[in-house]
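Undergrad: The numbering of the sequence shown is the working numbering, which starts it at 1 and goes up by one.
It is worth saying that the hints were derived from the structure and are not from the lab. It should be emphasised that the depicted structure is a prediction, and the values quoted were computed from it without experimental measurement. A virtual CB, placed ideally from N, CA and C, is assigned to each residue, including glycine. Check the hints yourself; a few may be wrong.
[To be verified] Dumping the calculated DSSO-like pairs for lysine-lysine here, alpha-carbon to alpha-carbon at most 27 Å:
1) Lys139 with Lys167
2) Lys331 with Lys142
3) Lys208 with Lys167
4) Lys167 with Lys288
5) Lys288 with Lys41
6) Lys139 with Lys199
7) Lys288 with Lys142
8) Lys167 with Lys142
9) Lys142 with Lys41
10) Lys139 with Lys288
11) Lys167 with Lys199
[As the list claims (entries may be wrong)] Quick list of simulated restraints, FRET-style, between CB atoms:
12) Phe320 with Thr27: 22 to 30 Å
13) His295 with Leu264: 33 to 41 Å
14) Glu29 with Gly170: 49 to 57 Å
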Amino acid sequence: MTTTRQWLIAGRPRGRPVQDSDFELVTRELPPPGPGQMLLKTHYLGFDPAQKGWMENIADYVAPTEIGEVMRGSGISEVIESNGGRFPLGTMVIGSTGWTEYHLSDGEGLVPCDPELPPTAMMSVLGTTGLTAYCGLFKIGKPVAGDTVLVSGAAGATGSVVGQLAKIAGCRVVGIAGGADKCAWLVEEAGYDAAIDYKAGGVREAIKRECPRGVDVIFDNVGGAILDDMLSQIATNARVVICGGISRYETGQMPAGPQNYFNLIFRRATMTGFIVLDWAAEFPAIRKRLAGFVHEGRLTYREDIQHGFENAPQTMQRLFSGANRGKQMLKL
């Protein structure tokens, strides 16, 4: 038997921030792996704003959560014991593990980490973060060289990859982020052409200044007032990609619809939402392309790694306070 600690869902943070009391830490015993099973040790957990929606049971593209179940989330694990399992001992894999120190698996849904990059890359630039950025930008945004691309939540794990991919595609890229330090990082390290600090105010005027010919592609991670400001400056035939809405996660309520949506008519533009799982069959090929960009030095990424399994709830809360810098992870 293997002793493991697990974090369980203990509350539904609807209309309020996530709190420590929304989780319960328990200790359980796992049986030895059965035929075809493996015992895996979790080394890293990954965190995304969507997890709050899962707890609230607002996200209908995943099965509802139940109070008392293991908190859902992605993890990087190592195969430490096998009973005829799919992967050799020592293999590092990524998948939906939940918040647990150890877990049993037959390998379904687990993907081996890229051996040429650190394992954490599979959770950030090669994981859901990078896949979401790639699919949203190229499948829906369809940028062409010379386009102006505007990204909200640009210093976040997904937004920072979107901007760099748009630069690779030959676009002018402008990001919106909160704070002078994040804006400086976007321009100096992520290669954005310009960055707008929404905390300084005057966002709509800044967009007009930085995007004088209008915005061809919007990649929105925020929603609410920021989306409204971005829509005010769209170009003819613009493509608006709706990826997420951090403003909704902070309040628990759906953000108000944009007042400027009629610009979609005036500019003959489109606005489309998406779930990255729609392109799951293409993930292996997309990962190879993203890895190639990393190896060529054309794509950089940031990881914010906290430490200690007992700090999982506080690590998740960092997503909603703006404390994280890059992909939020926890090293057990």
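Undergrad: Now look at each hint and say whether the structure bears it out.
TA: Going down the list of hints, with the structure as the test:
1. A distance of roughly 16 Å separates the Cα atoms of Lys139 and Lys167; the hinted pair therefore holds under the 27 Å criterion.
2. The suggested pairing of Lys331 with Lys142 is violated, with an alpha-carbon distance near 36 Å, which exceeds 27 Å.
3. Annotation: proposed proximity of Lys208 to Lys167 holds, straight-line Cα distance about 20 Å (limit 27 Å).
4. Distance check on the hinted pair: Lys167 and Lys288 sit about 19 Å apart at the alpha-carbon level, within 27 Å; holds.
5. Restraint check for Lys288 and Lys41: satisfied, since their Cα atoms lie roughly 26 Å apart, inside the 27 Å limit.
6. This hinted pair does not check out: Lys139 and Lys199 have alpha carbons roughly 31 Å apart, beyond 27 Å.
7. Proximity of Lys288 to Lys142 is assessed by CA-CA distance (about 20 Å); at most 27 Å being required, the pair is judged to hold.
8. Restraint check: the Cα-Cα separation between Lys167 and Lys142 comes to about 13 Å, which is no more than 27 Å; the hinted pair holds.
9. Between Lys142 and Lys41 the CA atoms are separated by roughly 40 Å; this puts the pair beyond 27 Å, and the hint is violated.
10. With a C-alpha separation of about 17 Å, the suggested pair Lys139 and Lys288 falls inside the 27 Å cut-off, and the hint holds.
11. Simply put, Lys167 and Lys199 have alpha-carbon atoms about 25 Å apart, close enough for the 27 Å limit, and the pair holds.
12. Checked against the hint of 22 to 30 Å, the pair Phe320 and Thr27 passes, with Cβ atoms roughly 28 Å apart.
13. About 39 Å separates the C-beta atoms of His295 and Leu264, a value consistent with the hinted range of 33 to 41 Å.
14. One distance hint, 49 to 57 Å for the beta-carbon pair Glu29 and Gly170, holds here, with the actual separation near 56 Å.
When each numbered hint is compared with the structure, violations occur for hints 2, 6 and 9.
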